[in-house]
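Asks: Sequence:
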Amino acid sequence: MIERYARRRAHAPLRWPWLGPAAAAVLLAGACQGDTDGGGEHTGHGGDGGHDTGSGGAEMAHIHGLGINPADDDLYVATHFGVFHLPEGEQPVRVAGHTQDVMGFTIVGPDHFLASGHPGADDPDQPPHLGLIESTDAAESWEPVSLHGDADFHALEAAHDQVYGFDGVSGRFMVSADQQEWEPRSDVPMADIAVSPEDPDLLVATTEQGPVRSEDGGNELTPISGAPQLLFLDWRDNGSLVGVDADATVHASTDGGDTWTEGDAVDGNPAALAVHGDEEVYVATDAAIYHSTDGGESFGVFHELG
-5 MIERYARRRA
5 HAPLRWPWLG
15 PAAAAVLLAG
25 ACQGDTDGGG
35 EHTGHGGDGG
45 HDTGSGGAEM
55 AHIHGLGINP
65 ADDDLYVATH
75 FGVFHLPEGE
85 QPVRVAGHTQ
95 DVMGFTIVGP
105 DHFLASGHPG
115 ADDPDQPPHL
125 GLIESTDAAE
135 SWEPVSLHGD
145 ADFHALEAAH
155 DQVYGFDGVS
165 GRFMVSADQQ
175 EWEPRSDVPM
185 ADIAVSPEDP
195 DLLVATTEQG
205 PVRSEDGGNE
215 LTPISGAPQL
225 LFLDWRDNGS
235 LVGVDADATV
245 HASTDGGDTW
255 TEGDAVDGNP
265 AALAVHGDEE
275 VYVATDAAIY
285 HSTDGGESFG
295 VFHELG
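Just so you know, the sequence shown maps onto residues -5 to 300 in my numbering.
These are calculated hints, taken from the structure and not from any lab test.
Just to be clear, a hint being listed does not mean it is correct.
To be verified - Cβ-Cβ distance ranges computed for the label pairs, FRET-style:
(1) 104 / 214: 21 to 29 Å
(2) 135 / 214: 13 to 21 Å
(3) 220 / 134: 16 to 24 Å
(4) 117 / 219: 41 to 49 Å
(5) 271 / 193: 15 to 23 Å
None of the values given here were measured: they were computed from a predicted structure.
Yeah, the Cβ is synthetic: ideal placement off N, Cα and C, and Gly gets one too.
Can you build the whole structure from these sequences, using the hints too?
Replies: Here is the structure:
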């Protein structure tokens, strides 16, 4: 049974004209680096995803995703330089020293992560596109699952015993029931995907034209009129949607995206968003990781990026 514990940040493959210059640079730089055909080493990070030096000098830079591991209830941060473990009030620690560029990222269950991206300098024999990879020990080790060498999922979501992903190589949104065979559903560029916890065919995605909704698993996508221009979004277990726009303002919807209520705004350019339970919201920017315990009405600094 695939449960929903976390979310990931995804990169838009195109410069989106409605974004401010800084936010657009973050997304575009990630997309450009994400589709490189070079070898395993990635020495820089694009845009202003934020950086911090944690235990052992590990740099937590260019954040791509956030998620809570139900095994320890701690925050895990997917970045351009690996996955970092970030318990509240402590410094980030890069897990097992792995430096791969983690693009799409989602937590499936206790210590069970799915991801995609590109190899780091510590694993030069891997192909430039890792496809779908899996860890069952909280990012201590990773194994290829499917599309190894062929796909680079910039967005991943696991729900309803399925995996949903937008592949930056083919430009397709795809769904897999067994993590081996993938069914292409649409070719609309997506920055992020949220799947309803109640309906496997109901999803909302962020695109260049704004949020879109599908009621058939992503085959047909319909623009959501009047919705804010969201970058990243997630679906709470209680059925409400939460998203963050380019100005780092958080919005919430209780009707599948038809209407939205504006919440608090945080500082910096948005890099990732994750929800946990019915009230907790995490937003990463180039300035800090912020945490809300009231559904996004107010935020405090969870960890400042130096």
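Asks: So, for every hint listed, does it hold in this structure?
Replies: Hint check:
1. 104 / 214: 21 to 29 Å: violated (35 Å)
2. 135 / 214: 13 to 21 Å: violated (39 Å)
3. 220 / 134: 16 to 24 Å: Hint violated: Cβ distance 45 Å, outside 16 to 24 Å.
4. 117 / 219: 41 to 49 Å: holds (45 Å)
5. 271 / 193: 15 to 23 Å: holds (20 Å)
Of the numbered hints stated above, those contradicted by the structure are hints 1, 2 and 3, listed in ascending order.
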